[in-house]
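Q: Using the hints, position chain B against chain A.
Chains A and B supply the protein sequences, listed in that same order.
According to the numbering used here, the first sequence holds residues 1 to 310 in order.
According to the numbering used here, the second sequence holds residues 1 to 310 in order.
Worth flagging that the hints you see were computed from the coordinates, not collected in a lab.
A portion of the hints provided could be inaccurate.
[Stated by the list, open to error] Simulated pairs of lysine-lysine, DSBU-like, Cα-Cα distance not exceeding 35 Å:
1. 123(B) / 180(A)
2. 3(A) / 75(B)
3. 83(B) / 75(A)
4. 133(B) / 262(B)
5. 83(B) / 3(B)
6. 123(A) / 83(B)
7. 261(B) / 3(A)
8. 75(B) / 83(A)
9. 189(B) / 3(A)
10. 269(A) / 3(B)
11. 83(A) / 123(B)
12. 235(A) / 75(B)
13. 228(B) / 279(B)
14. 166(B) / 123(B)
15. 33(A) / 75(B)
16. 83(A) / 3(B)
17. 123(B) / 75(A)
18. 180(A) / 166(B)
19. 123(A) / 180(B)
20. 3(B) / 123(A)
21. 33(A) / 180(B)
22. 75(A) / 235(B)
23. 133(B) / 33(A)
24. 75(B) / 75(A)
25. 261(B) / 279(B)
26. 180(B) / 3(A)
27. 83(A) / 33(B)
28. 123(B) / 123(A)
29. 166(B) / 3(A)
30. 33(B) / 75(A)
31. 3(A) / 83(B)
32. 3(B) / 3(A)
Protein chains: 2
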Amino acid sequence: MPKLPIPFGDDVSAYDIGNGNLAVLKTDMLVAKTDVPRGMSLWQAARKAVVMNVSDFAAKGVKPKVVLVSLGLPKGLNENDIKQIGMGLNAGAREWDAYVIGGDTGEASDLVISISLFGTARKRLLMLRSGAKPGDIVAVTGFFGKSVAGLKILLGEFDASAEVRKVLVDSALMPHARLKEGLALSRTKAITAAIDSSDGLAWSLHEIARASNVGFVINKLPIAEEAKPFARDNKLDTIELTLYGGEEYELVLTVKPAFWKKAQNAVEKVGGKLLQIGKAVAETQLILEIDDKKKLIEPRGWEHFKSSNV
Amino acid sequence: MPKLPIPFGDDVSAYDIGNGNLAVLKTDMLVAKTDVPRGMSLWQAARKAVVMNVSDFAAKGVKPKVVLVSLGLPKGLNENDIKQIGMGLNAGAREWDAYVIGGDTGEASDLVISISLFGTARKRLLMLRSGAKPGDIVAVTGFFGKSVAGLKILLGEFDASAEVRKVLVDSALMPHARLKEGLALSRTKAITAAIDSSDGLAWSLHEIARASNVGFVINKLPIAEEAKPFARDNKLDTIELTLYGGEEYELVLTVKPAFWKKAQNAVEKVGGKLLQIGKAVAETQLILEIDDKKKLIEPRGWEHFKSSNV
Numbered sequence: 001m002p003k004l005p006i007p008f009g010d011d012v013s014a015y016d017i018g019n020g021n022l023a024v025l026k027t028d029m030l031v032a033k034t035d036v037p038r039g040m041s042l043w044q045a046a047r048k049a050v051v052m053n054v055s056d057f058a059a060k061g062v063k064p065k066v067v068l069v070s071l072g073l074p075k076g077l078n079e080n081d082i083k084q085i086g087m088g089l090n091a092g093a094r095e096w097d098a099y100v101i102g103g104d105t106g107e108a109s110d111l112v113i114s115i116s117l118f119g120t121a122r123k124r125l126l127m128l129r130s131g132a133k134p135g136d137i138v139a140v141t142g143f144f145g146k147s148v149a150g151l152k153i154l155l156g157e158f159d160a161s162a163e164v165r166k167v168l169v170d171s172a173l174m175p176h177a178r179l180k181e182g183l184a185l186s187r188t189k190a191i192t193a194a195i196d197s198s199d200g201l202a203w204s205l206h207e208i209a210r211a212s213n214v215g216f217v218i219n220k221l222p223i224a225e226e227a228k229p230f231a232r233d234n235k236l237d238t239i240e241l242t243l244y245g246g247e248e249y250e251l252v253l254t255v256k257p258a259f260w261k262k263a264q265n266a267v268e269k270v271g272g273k274l275l276q277i278g279k280a281v282a283e284t285q286l287i288l289e290i291d292d293k294k295k296l297i298e299p300r301g302w303e304h305f306k307s308s309n310v
Numbered sequence: 001m002p003k004l005p006i007p008f009g010d011d012v013s014a015y016d017i018g019n020g021n022l023a024v025l026k027t028d029m030l031v032a033k034t035d036v037p038r039g040m041s042l043w044q045a046a047r048k049a050v051v052m053n054v055s056d057f058a059a060k061g062v063k064p065k066v067v068l069v070s071l072g073l074p075k076g077l078n079e080n081d082i083k084q085i086g087m088g089l090n091a092g093a094r095e096w097d098a099y100v101i102g103g104d105t106g107e108a109s110d111l112v113i114s115i116s117l118f119g120t121a122r123k124r125l126l127m128l129r130s131g132a133k134p135g136d137i138v139a140v141t142g143f144f145g146k147s148v149a150g151l152k153i154l155l156g157e158f159d160a161s162a163e164v165r166k167v168l169v170d171s172a173l174m175p176h177a178r179l180k181e182g183l184a185l186s187r188t189k190a191i192t193a194a195i196d197s198s199d200g201l202a203w204s205l206h207e208i209a210r211a212s213n214v215g216f217v218i219n220k221l222p223i224a225e226e227a228k229p230f231a232r233d234n235k236l237d238t239i240e241l242t243l244y245g246g247e248e249y250e251l252v253l254t255v256k257p258a259f260w261k262k263a264q265n266a267v268e269k270v271g272g273k274l275l276q277i278g279k280a281v282a283e284t285q286l287i288l289e290i291d292d293k294k295k296l297i298e299p300r301g302w303e304h305f306k307s308s309n310v
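Looking at chain A on its own, in the form it has when it is part of the complex:
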């Protein structure tokens, strides 16, 4: 095996094409049974398949240039269904100026949408998971808890008032990748480690901690406002929702303290935000420290559900 610019096991792969340039590649499969909740249209499912891949490129600071698609189609789908899938794929790609340039279809029992992304990057600008140092600021690009609450509503387990319900469900149906933020941050050279949060905030923090051999003290939880009434009304724990939810597409980053302002400005310039949630420390433990109470952050993540509209 040649020395890889990104270690095996990461969400994204890269291959050295010379002159300091990398071919950056990613493939991930959306399976309706575990990734598409009831209430999500085929158009939304296809778009989401692209978003979940783009989100991993965002965490590396790489722009996807082209998208390839391999579709496994169950028998029951009609022509309009397939058109909706095609349009959703295209919408997902065009949001980022990328194009669907090829692919393949076949028959399968589940609806399976396998996406491949390709882009190129300067090797020295690539954000990895392994560079966090004690003293670095831990930051995220947005608030957590909305998508997971929306999914819980779509799965029929929980509910919320009409207004809050809409915000939460929309967040689950129309996820957004933080590509603008990732690209802007990779150019600042302020970032020592980055990952997306599709498996949940706690899981993402554990991945960076392990790859970088550091620990974290998290003293500010980025709880979305709308997740609070949802948690209260359904007797759920907001900390649980924020840390161990998933299907969120925020970036989780560590930032050199001297470059914090630069990083924050870069993100704000592209319309985003960068929220400090804690600090990296030498001791390889993940601690949540809120109201002077300390608690271990567990290496638990989002588990896919079983439910589908197809």
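A: Same frame as chain A, now just chain B:
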């Protein structure tokens, strides 16, 4: 949509990365239900998933450099099954000096193995489907009928004597991509159009004819020796097996007549063979002319079956 170096709808996609170089990309999905016959091991299925993708690269004259895999795993598989899949994927990649550098696994109802290939190529060496000219020689890299006969045996529809059976079944279980041949031919500049034959010889000829706006007169059918007793014993037509079988991974090519010797030498130098089967003509019809009898070659191809060992 930017102007693509390979038209949308081809089996392979490309993206211009400057200086006359292309990023060449391909994704295709093996679904156990339609691509894995009973009697094919998981190791063989995984290897075949790579071979089917490499074969399309071979037809373009492009060497795959890295392989990404996205796996959908049904619940019944155990640890050893998954190890066999991993080893088969690796075997398929290492046959061509390529490496599996990343991927993703999830749960699915079928076993789904989605492969993505990446390689680079000089734009001017790429073999397309669209360059055949009247007068060009039509050629293939090997004989047809063995794989489809082997599949028919595996599906339990037909049988053969022990010796022939083994050759035919092996051919279906362990397909080989003609990458060496494709790479050697692309360097000769003798090839005006190329495609692989995974959907059958007739289908491949029709694809080149349509893309190049030519017709073909085929006067020599490349029937594999072992397919003859199989056809005779099972009362099957050898022409049918050769033209409309599938899951074969030979290359189908058109060659500039003045460069024929050069092309043949190049293929023989890498241990392969190049067999003339006919000529390209201006009239856009596909004619089989054997023993002074003329017959239309129909645009029919290989249909996937429904049967699986997983």
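Q: Straight-line Cα separation of residue 75(B) and residue 83(A) no greater than 35 Å?
A: Roughly 31 Å between the alpha carbons, so the hint for residue 75(B) and residue 83(A) holds.
Q: Within a Cα-Cα threshold of 35 Å, do residue 133(B) and residue 262(B) meet the stated pairing?
A: 18 Å, holds
Q: Measure nothing beyond the straight line between the CA atoms of residue 123(B) and residue 123(A); if it is 35 Å or shorter, mark the hint as holding.
A: 24 Å, holds
Q: Run the distance test for residue 83(B) versus residue 3(B): straight-line Cα separation, threshold 35 Å.
A: 42 Å, violated
Q: Taking 35 Å as the top limit, are the C-alpha atoms of residue 189(B) and residue 3(A) close enough?
A: 34 Å, holds
Q: Does the structure keep residue 166(B) and residue 3(A) at a Cα separation of 35 Å or less?
A: Given pair residue 166(B), residue 3(A) is violated - Cα atoms ~41 Å apart, limit 35 Å.
Q: Mind checking the alpha carbons of residue 261(B) and residue 279(B) for me, to see if they're no more than 35 Å apart?
A: 15 Å, holds
Q: Take the C-alpha atoms of residue 180(B) and residue 3(A), compute the straight-line distance between them, and say whether it is at most 35 Å.
A: 25 Å, holds
Q: Tell me if the straight-line CA distance from residue 33(A) to residue 180(B) falls inside 35 Å.
A: Since the Cα atoms of residue 33(A) and residue 180(B) sit roughly 40 Å apart, the hinted pair is violated (cutoff 35 Å).
Q: Hint check: residue 133(B) vs residue 33(A), CA-CA at most 35 Å. Holds or violated?
A: Violated, at roughly 49 Å.
Q: Is it true that the CA of residue 75(B) sits at most 35 Å from the CA of residue 75(A)?
A: 21 Å, holds
Q: Measure nothing beyond the straight line between the CA atoms of residue 3(A) and residue 83(B); if it is 35 Å or shorter, mark the hint as holding.
A: 23 Å, holds
Consistency with the previously given hints fails for numbers 5, 7, 14, 17, 18, 21, 23 and 29, ordered from lowest to highest.
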